[in-house]
Amino acid sequence: MTSTNPSSDGRPGTIQALPVRRPGRMVGVVVVLLISVGIAYELVTNPAFDWPFTFEAMSQNTVIQGFIFGTLAATVGAMILGVGLGVGMAVMRMSTNPVLRVVAGGYIWFFRAIPRYVLLVILGGAGAFFANGKLWGFDINALSGTVWMAILGLGLSEAAYMAEIARSGIISVDKGQREAAQALGMNPGQTMRRIVLPQAMRVIVPPTGNETIAMFKDTSLLTALPLAMEMYFQLHQIGASTYKLIPSLMGATLYYLITATILGIGQSYLEKHFGRGYAPIPQKRKTKAVANTQGETPLMFPGSDH
Amino acid sequence: MPSNTIDRTGAPLVKAVNVHKSFGHVEVLKGVDLEVFPGEVVVLLGPSGSGKTTFLRLINQMETLTGGRIWVGGELIGYEERPDGRLQTRKDADIARQRSRIGMVFQRFNLFPHKTALENITEGQIVVSKKPKAAAIERAEDLLRQVGLSDRGSNYPGQLSGGQQQRVAIARALAMDPELMLFDEPTSALDPELVGEVLKVMATLASEGVTMIVVTHEMGFAREVADRVVFMDGGVVVEAGTPDEVLGNPQHERTKAFLTRVSHH
Numbered sequence: 001m002t003s004t005n006p007s008s009d010g011r012p013g014t015i016q017a018l019p020v021r022r023p024g025r026m027v028g029v030v031v032v033l034l035i036s037v038g039i040a041y042e043l044v045t046n047p048a049f050d051w052p053f054t055f056e057a058m059s060q061n062t063v064i065q066g067f068i069f070g071t072l073a074a075t076v077g078a079m080i081l082g083v084g085l086g087v088g089m090a091v092m093r094m095s096t097n098p099v100l101r102v103v104a105g106g107y108i109w110f111f112r113a114i115p116r117y118v119l120l121v122i123l124g125g126a127g128a129f130f131a132n133g134k135l136w137g138f139d140i141n142a143l144s145g146t147v148w149m150a151i152l153g154l155g156l157s158e159a160a161y162m163a164e165i166a167r168s169g170i171i172s173v174d175k176g177q178r179e180a181a182q183a184l185g186m187n188p189g190q191t192m193r194r195i196v197l198p199q200a201m202r203v204i205v206p207p208t209g210n211e212t213i214a215m216f217k218d219t220s221l222l223t224a225l226p227l228a229m230e231m232y233f234q235l236h237q238i239g240a241s242t243y244k245l246i247p248s249l250m251g252a253t254l255y256y257l258i259t260a261t262i263l264g265i266g267q268s269y270l271e272k273h274f275g276r277g278y279a280p281i282p283q284k285r286k287t288k289a290v291a292n293t294q295g296e297t298p299l300m301f302p303g304s305d306h
Numbered sequence: 001m002p003s004n005t006i007d008r009t010g011a012p013l014v015k016a017v018n019v020h021k022s023f024g025h026v027e028v029l030k031g032v033d034l035e036v037f038p039g040e041v042v043v044l045l046g047p048s049g050s051g052k053t054t055f056l057r058l059i060n061q062m063e064t065l066t067g068g069r070i071w072v073g074g075e076l077i078g079y080e081e082r083p084d085g086r087l088q089t090r091k092d093a094d095i096a097r098q099r100s101r102i103g104m105v106f107q108r109f110n111l112f113p114h115k116t117a118l119e120n121i122t123e124g125q126i127v128v129s130k131k132p133k134a135a136a137i138e139r140a141e142d143l144l145r146q147v148g149l150s151d152r153g154s155n156y157p158g159q160l161s162g163g164q165q166q167r168v169a170i171a172r173a174l175a176m177d178p179e180l181m182l183f184d185e186p187t188s189a190l191d192p193e194l195v196g197e198v199l200k201v202m203a204t205l206a207s208e209g210v211t212m213i214v215v216t217h218e219m220g221f222a223r224e225v226a227d228r229v230v231f232m233d234g235g236v237v238v239e240a241g242t243p244d245e246v247l248g249n250p251q252h253e254r255t256k257a258f259l260t261r262v263s264h265h
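Residue numbers (our numbering), protein chains in the order written: chain A, 1 to 306; chain B, 1 to 265.
Hints may be right or wrong, so weigh each one.
Said to hold, decoys possible - Listed next, the stretches of chain B that the computed footprint assigns to chain A, with coverage defined by at least 3 CB atoms under 8 Å from CB atoms of chain A: (1) 88-97; (2) 112-125.
What the hints assert, rightly or not - Taking lysine to aspartate or glutamate pairs in the EDC-like style, the calculated list, with each CA pair at most 20 Å apart, reads: (3) A/K175 with B/E63; (4) B/K256 with B/E245; (5) A/K175 with B/D92; (6) B/K91 with A/E179; (7) B/K131 with B/E119; (8) B/K131 with B/E141.
Unchecked claim - Stretch-level coverage of chain B by chain A, calculated; a stretch enters the list once three of its residues show a Cβ under 8 Å from a Cβ in chain A: (9) 7-16; (10) 69-78.
Bear in mind the hints are in silico, worked out from the structure with no lab data behind them. Note that CB positions come from ideal geometry on N, CA and C, so glycine has one too.
For reference, chain B alone in the conformation it holds in the complex (with noise of 0.2 Å):
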């Protein structure tokens, strides 16, 4: 994918400066500095315990940040700063607010069981956007239409395949029409012949401009369709580029190391 459409010059959709993570006294983040501009798709890689998806959860706020910031769309994320200067914890509603705003896939679908492909995809459009049901079931066809799942939104997730219930996922998160898509590991929970199907819906994506984050394994799809590609090890960015410069001629030994063990599967 070309990444030369990017415009870098404008101001960053998402800015994170200085990010800590602690749970209790064990660091997960230790200084996170990353910028993601509006169109961008960047692919977050590393080993396991890197923080990469604690980093991907401080923007949405599943969890609560310990040090910097982080803003999308130039508000801060979890606080208001105070005329004085001192951070003030944003209430629910707030918060509730700055999440309606970025779409979120998870490594487990986490599709509502209790309710059908069709209904889930409804159900945050009708809650949250205060959507007419007629608009929402419009839109929620359209986007089954969109991940090729016409036929399947009156069944429930236990019905579908793993790889079905991630597209309904991207669906759901798509209905809420974010500015930013976060994909925590999308493809680790499926079965490997199901894993080319979502990519296909993610790259679909990619390409029609939508801004994604992307912590994922897939080296092809980091290779292909990434803009950016950030390795982080040790809760730090090691190194970040376009995936030739981090996959083809990688500067730091970590990446080098880590390279060569995913490439050996």
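So that you can see chain A by itself, here it is in the shape it has in the complex (with noise of 0.2 Å):
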């Protein structure tokens, strides 16, 4: 430990220095973790929680199959149109086309606005605006209360929220990027799915990896549909019936705890993938008019006149 004190030659070392007490902190902490144990404490010994019936009741197949083809279903099929259509709506929205433009603006606009319970309520109702509840050729009646009108409701409401998402992605890539891959000959589509986007992903990934998580919060919404194949609906059914609604609810938050979690882990991941190639960049400087070529390489070209 010679290092610590001057050393020999009076002179002084390295530094092991106290930490600064912070009194105010410690206070916090203990309030913080009395609140903890206090709810930790309520979960297990509290009766009404009857943390078994919530057991068997998430166990129970309706809830299962719920889960999967309702509620997972929903969300997988919800994000994949919300994202291709908004990246589609952001395109569109920067398109030097005016009409392309205005569209877009004015979904983004009307599907930003409207509650996504409301859409819900309205797309379950739907097939009675039109004859034999037919639209351009679709049985909105036979689509409604099944998973895909689910999809439809929340891909819809989700790719205005997307659209802007990828929008200030695209907007986030250098426009040197855009120029480089044209001067190699690439058309506009080729710019933008080789060079763009994959840049813009740095930017897009981690909001729609919070969008993702939300929707599959949203699926609860469903019940406005109503979907009946639903891990929330399930749920809500059998504490509806057994008059046990907390513990049948604990179980459809046990779920979404689960769910989102491993939601989250692969969000980390996606960003890991698409933020390589971005190592801390050299850091460059604007040089005079007329630069001196020193250093190691050859002096082939004397900078300036003498």
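Mind assembling these two chains? They're in different frames, but the hints should get you there.
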């Protein structure tokens, strides 16, 4: 430990200082801990929670089927529709054609303004608007109450948000990237797909992950449609018929917690994938109009006139 | 470099006639005429704002002309002449084809940061020229060797120095086998000690007969490598000739003033 003390020649050595005291923070820690323990105690000991019933409800076939073919399928489907349509809307919004720009702007305006719950209620009853419940040959009555209508409703709404996310991602890519791609002879489509979008993904992925998790939770709104084959709907049903609503909904909560955790892990993996190549870039600085060529490289071009 | 090897009797590779360019109400180019012959190295000099970079970008259609005509390899850039004499704007695919024949090197490199050095060089070959991947990789490795970076193929641009990035960018442009190379201030964003390695690669290209138009402030490069130096100011060509004529014995006051300014650094 000679280095912690002034060394033999009297000059200061390595620093080993005591940390600053924070008594206020210690009080905060104690309060937070007490509240946490109190909540945990309540969850475990309060018989109203009835955990055995919760797990029994969670493992019902209708609930598991509802989770897979309703909750998960609607989340995946709506996100696919939302991302695809959203990127399309973002590209349209940035088009040089004013008609495409206005249509995309109107779409985003409408679907961002209307609450998902209201949209789903309207879609659930949409068949009544059209003769025989048919629009352009599609049988809307047959569609309502299925996961397809759920995907349509949530996806249409999601596309409006994804359009803005995709647009911000595309804008974030340096203009020089597009120019470099065009200079190689890439057409606009190739430039967008191969060069701009992959880089935009770095900006697009994090908020899209949040959107996916939010969408997963919003599947509970599908009771507005209504979609019966869905996890929350089924657990609510069990709770209502057994008069054990809270234990049933704690089951739904556990489903949401576990799945959101898994989605979060997937998101961090994706962020890593699309962040490749982004090590800190060496600092560049502008040189004077006439730079000297000195250093290791041979002095082929003496810089300036003398 | 011997300018007498350039054959100026044949057709020029680049022919610009009365080129005008305005951004809004600001007229940046006010009637530029220039011919560049195959194998020639032309250096565009001039103070900032003189329009030299804009002129370079017009050749590769990074900007659109507002007046005049530019031909590359005998083909009108950006437009087609219809039988009735009117101009028809070219389709995106046609513009892309015209650009693929011209290599461009940017001041800020503009390498694709999500691709390795090697992938940067194979990208155009695979996507635009539709070359098989193996052939594209072989060509890319060849080019990396030529620019002295054969051990850097698997690095991402962010892991390379500015000089290395610019050399990869040159290799990326060369991979398309362009008829013409455009350099837009290729060393202006580099640390002084990295300028030499990039200029060296460019000088080698020049000696191999690559047709080049270079916007630069590197007087040494202009004097040693250029066949012709074109001095621009205020959106027009003020003076053009061999490096000896323009740099050694400038005829116009504006050229003299510019050369005095840059030589005092």
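**Prompt:** With a cut-off of 8 Å between beta carbons, are at least three residues of the region 88-97 of chain B near chain A?
**Reply:** holds (count 4)
**Prompt:** How about the region 7-16 of chain B: do at least three of its residues have a C-beta closer than 8 Å to a C-beta of chain A?
**Reply:** violated (count 0)
**Asked** Do three or more residues of the region 69-78 of chain B come closer than 8 Å to chain A, measuring C-beta to C-beta?
**Response** violated (count 0)
**Asked** Can the restraint linking B/K91 and A/E179 be considered satisfied, given a maximum Cα separation of 20 Å?
**Response** holds, 17 Å
**Prompt:** Under the criterion that the straight-line Cα-Cα distance not exceed 20 Å, is the pair B/K131, B/E119 satisfied?
**Reply:** holds, 13 Å
**Message:** Check the hint pairing B/K131 with B/E141 against an upper bound of 20 Å on the C-alpha distance.
**Reply:** Within the cut-off at roughly 15 Å; holds.
**chain A covers the region 112-125 of chain B, three or more CB atoms within 8 Å, holds or violated** = It holds: at least three residues are needed, and the region 112-125 of chain B offers 7 whose Cβ sits within less than 8 Å of chain A.
**Prompt:** Holds or violated: are the alpha carbons of B/K256 and B/E245 at most 20 Å from each other?
**Reply:** With Cα atoms ~12 Å apart, B/K256 and B/E245 stay inside 20 Å; holds.
**Message:** So if I understand the rule, the pair passes when the alpha-carbon distance is 20 Å or less; does A/K175 with B/D92 pass?
**Reply:** holds, 18 Å
**Agreement of A/K175 and B/E63 with the hint, judged by alpha carbon distance not exceeding 20 Å** = Holds, at roughly 13 Å.
Hint violations for this structure: numbers 9 and 10, all remaining hints satisfied.
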